[in-house]
Each structure stands twice: as C-alpha cells, then as structure tokens.
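Got chain A sorted already, so can you dock chain B onto it with the hints?
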Amino acid sequence: MIGQTLDHYRIVAQLGEGGMGVVYRARDEVLNRDVALKLLAHGALDKVGSGHLLREAQTASSLSHPNICTIHQVGQTGDDFYVVMELIEGRLLSDLLTTTGLSMEIVTRYGAQIADALAHAHDRGIVHRDLKGSNVMVTAEGRVKVLDFGLATRMEREEISEITLSYDTLESKLVGTLPYMSPEVLRGHKADHLSDLWALGVLLYEAGAGRLPFRGNTGFEVTSAILSEPPPPLPPSVPHGLAAVIQRCLMKEPAERYQRASEVRAALEALQGAVLQSRHPSEETRGPRTLVLRGMEHLTVKNRDVLLLVGTNKGAFLLRSSRDRTKWDVAGPYFHGQGVYAMGYDGRNGRHRLWVSTNSLMWGTFLRSSDDFGRIWTNPLEASIRFPIESGAALKNIWQFCLGRADEPDLLYCGVEPAALFESRDAGESWSLIRGLYDHPQRPRWMPSNGGLFLHTIVPDPGKKERMYVAVSAGGVYRTEDSGSTWQARNNGIRVVFMPEKYPEFGQCVHKIVLHESRPQRLFLQNHWGLYRSDNRGDSWQDIARGVPSDFGFAMLMHPHDADCVFILPVESDEFRCTPEGRLRVYRTRNAGGSWESLERGLPQKGAYETVLRDAFSTDSLDPAGLYFGTRSGKLFQSRDEGKSWKKILEGLPQIVCVKAALIQIDGAPGSRPKPKPTAKRKTPRTKSVRRGKRR
Amino acid sequence: MIEVVFNIPGPLREFTENRSSVRVDVKDGANLREALLVLFAACPGLRDRVLTESAEIRRHVNIFVANEDIRYTGGLATAVRAGAEISIVPAISGGITQCQGMVLRSYH
Numbered sequence: 001m002i003g004q005t006l007d008h009y010r011i012v013a014q015l016g017e018g019g020m021g022v023v024y025r026a027r028d029e030v031l032n033r034d035v036a037l038k039l040l041a042h043g044a045l046d047k048v049g050s051g052h053l054l055r056e057a058q059t060a061s062s063l064s065h066p067n068i069c070t071i072h073q074v075g076q077t078g079d080d081f082y083v084v085m086e087l088i089e090g091r092l093l094s095d096l097l098t099t100t101g102l103s104m105e106i107v108t109r110y111g112a113q114i115a116d117a118l119a120h121a122h123d124r125g126i127v128h129r130d131l132k133g134s135n136v137m138v139t140a141e142g143r144v145k146v147l148d149f150g151l152a153t154r155m156e157r158e159e160i161s162e163i164t165l166s167y168d169t170l171e172s173k174l175v176g177t178l179p180y181m182s183p184e185v186l187r188g189h190k191a192d193h194l195s196d197l198w199a200l201g202v203l204l205y206e207a208g209a210g211r212l213p214f215r216g217n218t219g220f221e222v223t224s225a226i227l228s229e230p231p232p233p234l235p236p237s238v239p240h241g242l243a244a245v246i247q248r249c250l251m252k253e254p255a256e257r258y259q260r261a262s263e264v265r266a267a268l269e270a271l272q273g274a275v276l277q278s279r280h281p282s283e284e285t286r287g288p289r290t291l292v293l294r295g296m297e298h299l300t301v302k303n304r305d306v307l308l309l310v311g312t313n314k315g316a317f318l319l320r321s322s323r324d325r326t327k328w329d330v331a332g333p334y335f336h337g338q339g340v341y342a343m344g345y346d347g348r349n350g351r352h353r354l355w356v357s358t359n360s361l362m363w364g365t366f367l368r369s370s371d372d373f374g375r376i377w378t379n380p381l382e383a384s385i386r387f388p389i390e391s392g393a394a395l396k397n398i399w400q401f402c403l404g405r406a407d408e409p410d411l412l413y414c415g416v417e418p419a420a421l422f423e424s425r426d427a428g429e430s431w432s433l434i435r436g437l438y439d440h441p442q443r444p445r446w447m448p449s450n451g452g453l454f455l456h457t458i459v460p461d462p463g464k465k466e467r468m469y470v471a472v473s474a475g476g477v478y479r480t481e482d483s484g485s486t487w488q489a490r491n492n493g494i495r496v497v498f499m500p501e502k503y504p505e506f507g508q509c510v511h512k513i514v515l516h517e518s519r520p521q522r523l524f525l526q527n528h529w530g531l532y533r534s535d536n537r538g539d540s541w542q543d544i545a546r547g548v549p550s551d552f553g554f555a556m557l558m559h560p561h562d563a564d565c566v567f568i569l570p571v572e573s574d575e576f577r578c579t580p581e582g583r584l585r586v587y588r589t590r591n592a593g594g595s596w597e598s599l600e601r602g603l604p605q606k607g608a609y610e611t612v613l614r615d616a617f618s619t620d621s622l623d624p625a626g627l628y629f630g631t632r633s634g635k636l637f638q639s640r641d642e643g644k645s646w647k648k649i650l651e652g653l654p655q656i657v658c659v660k661a662a663l664i665q666i667d668g669a670p671g672s673r674p675k676p677k678p679t680a681k682r683k684t685p686r687t688k689s690v691r692r693g694k695r696r
Numbered sequence: 001m002i003e004v005v006f007n008i009p010g011p012l013r014e015f016t017e018n019r020s021s022v023r024v025d026v027k028d029g030a031n032l033r034e035a036l037l038v039l040f041a042a043c044p045g046l047r048d049r050v051l052t053e054s055a056e057i058r059r060h061v062n063i064f065v066a067n068e069d070i071r072y073t074g075g076l077a078t079a080v081r082a083g084a085e086i087s088i089v090p091a092i093s094g095g096i097t098q099c100q101g102m103v104l105r106s107y108h
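Line by line, the protein sequences are chains A and B. Just so we're aligned, residue 1 is where the first sequence starts under this note's numbering, counting upward by one. Just so we're aligned, residue 1 is where the second sequence starts under this note's numbering, counting upward by one.
Just so you know, these hints were derived from the structure itself, not from any lab. On a predicted model such as this, the values are computed, not experimentally measured, just so you know. Careful: at least some of the hints might be erroneous.
Stretch-level coverage of chain A by chain B, calculated; a stretch enters the list once three of its residues show a Cβ under 8 Å from a Cβ in chain B [claimed, not checked]:
1) 391–405
2) 455–469
Here are some of the chain A residues that sit facing chain B, going by a computed Cβ distance under 7 Å [to be verified]:
3) R25
4) L31
5) M362
6) W363
7) L381
8) R386
9) F387
10) E423
11) A427
12) A608
Simulated restraints on C-beta separations [said to hold, decoys possible]:
13) A/H189 to B/R33: 56 to 64 Å
14) B/E17 to A/R445: 21 to 29 Å
15) A/E390 to B/R71: 19 to 27 Å
16) A/T98 to B/E68: 34 to 42 Å
17) B/Y72 to A/P66: 29 to 37 Å
18) A/G125 to B/G10: 56 to 64 Å
19) B/M1 to A/T218: 43 to 51 Å
20) B/A55 to A/P233: 52 to 60 Å
21) B/G10 to A/E29: 28 to 36 Å
22) B/R71 to A/E221: 55 to 63 Å
23) A/E141 to B/G10: 39 to 47 Å
24) A/E581 to B/E17: 29 to 37 Å
Don't be surprised by glycine CBs; every beta carbon is placed ideally from N, CA and C.
This is chain A alone, in the form it adopts within the complex:
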C-alpha cells in the first residue's frame, strides 16, 4: 500500500494493524497535512454491512472534542472502505499500562479526560462500545485522545453466546475486547452509555492495579468473572477516592453505576485537586513525549524530604530521606547505560521538577525532566539543546544544569560541550545559545582539557541580575555584566602550568567557582593546580592554598550559611588524580582561605585512592548543613554535621559524576496553589529502603 493514493491521500507508512484493519500515515495532498488513514478489513464490513458502518462513522465525524480523535472523512474507493482521521503522535494507553509505571495522579488525570470525551459523545447520542486501552492514545503533550468512536462493530446475540460458552483459548480479536465488556452486554443487551462507563471502570482498574479486574484463560472464565465475581481488591497504592470511583463504575447492575459520564469526570477532577504531587505543572508544560521506566521501584517523596540526585557515567539514582537524614530510600538506575553528568531540582514557582541530561554513546544527548520524582520522564522527539546549523557544531554532552535566580523562576541555564552556554526563559520548554559567549573572539583559542572542551560551571550573581560567571576548561573564568551580551575573561592572578606564559589573560583550566549569596562580590576557585579567592568579582585572584596537602582538585563547595566557609576535596596531582596518601579527606576553611583543616572522621584513611569529580559535592542547606559527595569508584558519603563526621551511605554505584541535594518544600511555596497536608491519606507503594535492603 505504501506509495499508493486513495482519493487524494498518499499513503506514506504503516502505523499499526488491528482487528478492524490497517492504519497508515498518509498525506492529504489537497489540504497539505498528515493524517491517519484506516483501511478497513473486508471481513469487518461483511458482518455489519457497509451502509451501517458509513452511517456510524458519519455520525461520529460530527464529534469535535479535544479528547476525541477527529474523523475527517469516510470514503470508499472500489471495494475499499477507509476512514481518514486526525493523526495523533503519541503512545497507546495500553502500551503505557504494560510498563506499570503510571502514577495515580496520571491515572486520575487521564481518567477525567476519557470521561469528558464520553460525556461529549453520549450527549450527542453516540456510544463508543469498545473503550479499552488500545483505543486511547496519549499525545506528546499528555493529552488523552479516544479513538474509534462509533466504529466498533456491534456484536450479534449469537456471537456473544458463542463467546460466553467458549471453553477454548480466547480468539485473538476478542482478547482485547472481552475483558472490557459489561455484564448486561454479555447477557445480550444493546451496548449503551452505561456499558461505556463500565469499560471506563475496567480501564481505570487496569491502570491503577496494573492488571485487569476480570481475567481468565478462556472466554468462559472471563465471562463468568464479569457476570458474577466482584473485582479483586485494588492494591493499597490506589488512593481511596480513586478506588471508590472505580468500584462504582464496576457495579454489575447498570442502575447502580454513575448514570452519566460527566459525574465520573467530576468525581475524578475532585480527586485531582487532592493529590500531592501532580496537579502542577500541567500537561501543557510537559515535554513533547514521555517515557515511563519499566520494572523499577520509584521514590515516594513527601513534603520536607531531602532528595539526593546522583548522576553516574552509567545512569542516575535518586535517594530520599526525611530531614533526620539517617535512612535513605534508593531508586534507580534511571537511564541505565547512559551518562548523566548534569542534574538539578527546580522547586521554584510551585514546581517539583527534576532535570537530567542523558548522554548515550550512540544516540546523543537529551535533556529530560520529571514532575513526579522519576516515575515519568519527558522523552523529547527533538533535542531541545542544539547548536544552530550554521555553527557546524554538534552537542557532545551537557555538563551543568543551573537554575536562574529565585526572582526569575522560569530562567534556566545549561553548560555544554563543546564549550557553550544555553539559556531557557520558559522553564525549559525552549533553549537558545548565548551568542555573546559563543562568538567571543577568544573562543577559538580555548583548548580542550583532559575531559574535552566544555563549560562546566555557571554562577549567576545573586545580587545583580545582569551579572553572571562561567568557567570553561580550558578557557578560564568569564564574566558578563549585561545578561550575556558581552563577556570578559577574568583570570588575573590565576596560574597556568601548561603554557609558557604562566599568567595569560585566558586559557586557564578552572575546575570550579563558588560564592555565597550574602557576599556575592567574593568568589572562591579551585583550579587545575591552585586555590584562589577574589574579593572584587573576579577582577583579580589571590592564592589561598596554605595548609592543604595538594592544591589540585576538582570539587569545591560553599557552606550554605557561612560565607567564610568553603570545602574542598584535594587530589594529589594531575597525573595521579587520587586522594594524597590514600587518605580520603575533606578540607575546610572557616576564614575564607586563611587556613585549612582536615575533616576525616568516618572517612577511609588507608588505601583509599579516591577521586571526587567537580560536580559530585553538594549540600542540603539544612542547619546543621548536610554534606554529600560521591567518588569515581561509586561510593556515596554523607555528613549530617557540616563535615565533622562522615559515613558511607552507598557503594557499588558506577562512576559518580554528579551529586545534587535538594529540600522538598510542597506547602507554601511562593506562587503555588494551596496544597493538602502531606498527612492526607495517600498510600503509595514504598520503595525498597536501604535499611531493609541488602546489608554488608
């Protein structure tokens, strides 16, 4: 069929195949748009008669609703009947369900949309008759579209009694339909709007429980269950309110069900208001396509929890704990096999959004987000961070994710390889290259460091909107005073060991810069050899490496509450990039670099040749502050007392490249809607706790 033309529709590719026929992607040559074209199987027509089908489809084509797939045209050429429909990019709900990953919030939201579609059709006298997961699509934007309204063939009474008495394995065409059929339809009554509501109940049950309510190996078994058995109890992960809606849809006696689809919609919408995590942001802000990760235990994150985002060269892990920070639940690996170098949590403006960059050796680098703490991630069709075509450059990796200032809650930055800065002004929907830096006349003379040529550090000035610092390996520190239009190298006093000129204007291999928001004019810097401080916004730098075993290192961390306190993790040298003397020690200054002291209680002091990379050191900003770092050997360490004592919370991870701690604030966030207390009776599956998990 590919390449053939039906009427003015040129068939481009096959999209799928079902009991009713084959669906193609086609080009409407007149209106110049892509459509879905369903070519009906001859058998489907024999049974019901073409006139009947045409009438049904014509009636259905009068439906116009955002949650109903629009029928553009019903046609016939020769013996072939076809239905031309809106082309929907997305995934079948049945496919999403088999991945077992839909959160209850999403189930509720999708359910309300399906109910809304049914209400619209029922008001116009149209009954679906074959509602099931494979007849519902979820679009790129998270919108539900119900397919095939009015196209389902009516089953004759004889056929139904044949099914109900069939002790044979289910016929393939019924495998999908029978479990959704209502008791009254199985008894031979005509399908009506109440049998659609039954099917909606089956679908919600399946989405909530991960399995069908009425099951069996033969038609007889399935039918018996539908006719006479109550649905098995729903798992505790299904909130009470949702379970009550499902139960009422699944009343055997039609008169005991909801009597209108709009009632189901209203009940589900009321539940949406009561859920903790999902209401905001809505599907509109979701990425173009979503990905549910299979077979994985997820975190249940509560208000005031501490969240740890851990990126490794082979995937990401998420950890959560209450504020006592003694016990951590672990979930992951997310995106296993891919490098996750940049992670971040955006809790501004009522959001609860995780960001990760995923770097596949084969398939490229993508920025993804999750609004439900990792259950569902965006899976963009197109990369959102991309170099303009005329630059000839291609994205290799995203090294840094950075939030804009709190008073600009939609501002985000990414630092990438090859060295460049990207900015989003719409909370991550779209990104653009900061040309002022990319077109800088010094850029062609930047040199790749050991890890490549990349921009890895972004420090917005908390005091002045237009000012920001970035660090490039190896280009050095650059500062803008005009929101990125122009940039100046700011490396005066920073030594370079790998060039004949030891103090050039630029070309330094800076590893990290930090500042404290209460003293934004003062910066601290870990260099490729050298520790520095600047008291004048980077205009000049002075050496502060007194009392450290090595001034080489990658990671540097600002104390969240003390502007004079900075932590580093020295490594021996650029040749031997491991902790000096095999002792894993954090060093701290409490006088802005005047002196340094070792913090080692609880850290291995023998044979510990570890490396902590530049973004694998983070603080949770509680009081006392919690500190966290991960090693290249996959160990994760924690201090609950600002570095005085440490303990290992995980080991055996792949190489850790990124650690970010975040506090979850769900109530009272500026700009967020009032939300219910986290003590609301919300039961979600517990993730495996580390404490209850394997022990050494």
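This is chain B only, laid out in the frame that chain A set:
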C-alpha cells in the same frame, strides 16, 4: 516511486511504534539522505538519535545499505535501489552490563 525498508534497532523502536522495520517510499534515484528524510518524517524522534544537529551521522551509529557500510559507499549520498534494506546499527554496545550486575550496599 520505489520502496525501501529500514531496519530499526531495539533502542529506537519506541519511535516506530515498536516496529523492527519501517517501509517508506522514495523517489526513483534517491540517495540515502533523501530516504532518511522520508523515514524521519514518518517517525519523528529518529532524526536526532541518528544524526547530529549538523546533519552528520552520529559517530557510533553505522548505516548499512544492502549490507555495505555507507562510510565506504559514499556516505549519505549512497544511492538506494528499489527494495533495498537499510540497517541502522549501533556501532558498539557500550557496557551496560556494569550497571545491571551491580549490587547496592548500605551502611548505617
């Protein structure tokens, strides 16, 4: 018009409705670049996984037209014939086993 068949590797089938092969029609005399454009129009999501934004085939992605690596047959300008099988193949399957086999241990 002629028909060609693209063989799609497992990791990319989420963008082809789980199909392992996708048939597309291209004009007679088309080259691989034109055939890929038709494929990408039919299956958005593939383009940015197969090509970089500068429209080059990603370094660790190999494309074979009728079992010939296109790096030796003219790259994207390689001609495709009617019925040609075009295979998109990851060049190396970089070590996911490390992660799958690992054990998480805890210390409290």
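Hints and how they fare:
1. 391–405: holds (count 5)
2. 455–469: violated (count 0)
3. R25: With a minimum Cβ separation of about 6 Å from chain B (threshold 7 Å), the hint on A/R25 holds.
4. L31: violated (17 Å)
5. M362: holds (4 Å)
6. W363: OK, holds: A/W363 within 7 Å of chain B, min 4 Å.
7. L381: This interface hint holds because 4 Å falls under the 7 Å limit.
8. R386: Since the shortest Cβ distance to chain B is 4 Å, the answer is holds.
9. F387: For A/F387, the interface hint holds, since the closest Cβ of chain B sits about 6 Å away, which is under 7 Å.
10. E423: At about 17 Å, which exceeds the 7 Å cut-off, the nearest Cβ of chain B leaves the hint on A/E423 violated.
11. A427: violated (21 Å)
12. A608: violated (15 Å)
13. A/H189 to B/R33: 56 to 64 Å: Given a distance of about 58 Å, which is inside 56 to 64 Å, the answer is holds.
14. B/E17 to A/R445: 21 to 29 Å: With a Cβ separation near 48 Å, B/E17 and A/R445 fall outside 21 to 29 Å, so the hint is violated.
15. A/E390 to B/R71: 19 to 27 Å: holds (25 Å)
16. A/T98 to B/E68: 34 to 42 Å: Given range 34 to 42 Å: holds, Cβ gap about 38 Å.
17. B/Y72 to A/P66: 29 to 37 Å: Once the Cβ atoms are compared, 51 Å apart, the range 29 to 37 Å for A/P66 and B/Y72 is violated.
18. A/G125 to B/G10: 56 to 64 Å: Violated - the Cβ-Cβ distance for A/G125 and B/G10, about 46 Å, lies outside 56 to 64 Å.
19. B/M1 to A/T218: 43 to 51 Å: holds (47 Å)
20. B/A55 to A/P233: 52 to 60 Å: With Cβ atoms ~55 Å apart, the hint holds.
21. B/G10 to A/E29: 28 to 36 Å: holds (35 Å)
22. B/R71 to A/E221: 55 to 63 Å: holds (56 Å)
23. A/E141 to B/G10: 39 to 47 Å: violated (27 Å)
24. A/E581 to B/E17: 29 to 37 Å: violated (57 Å)
Consistency note: the structure conflicts with the earlier hints numbered 2, 4, 10, 11, 12, 14, 17, 18, 23, 24.
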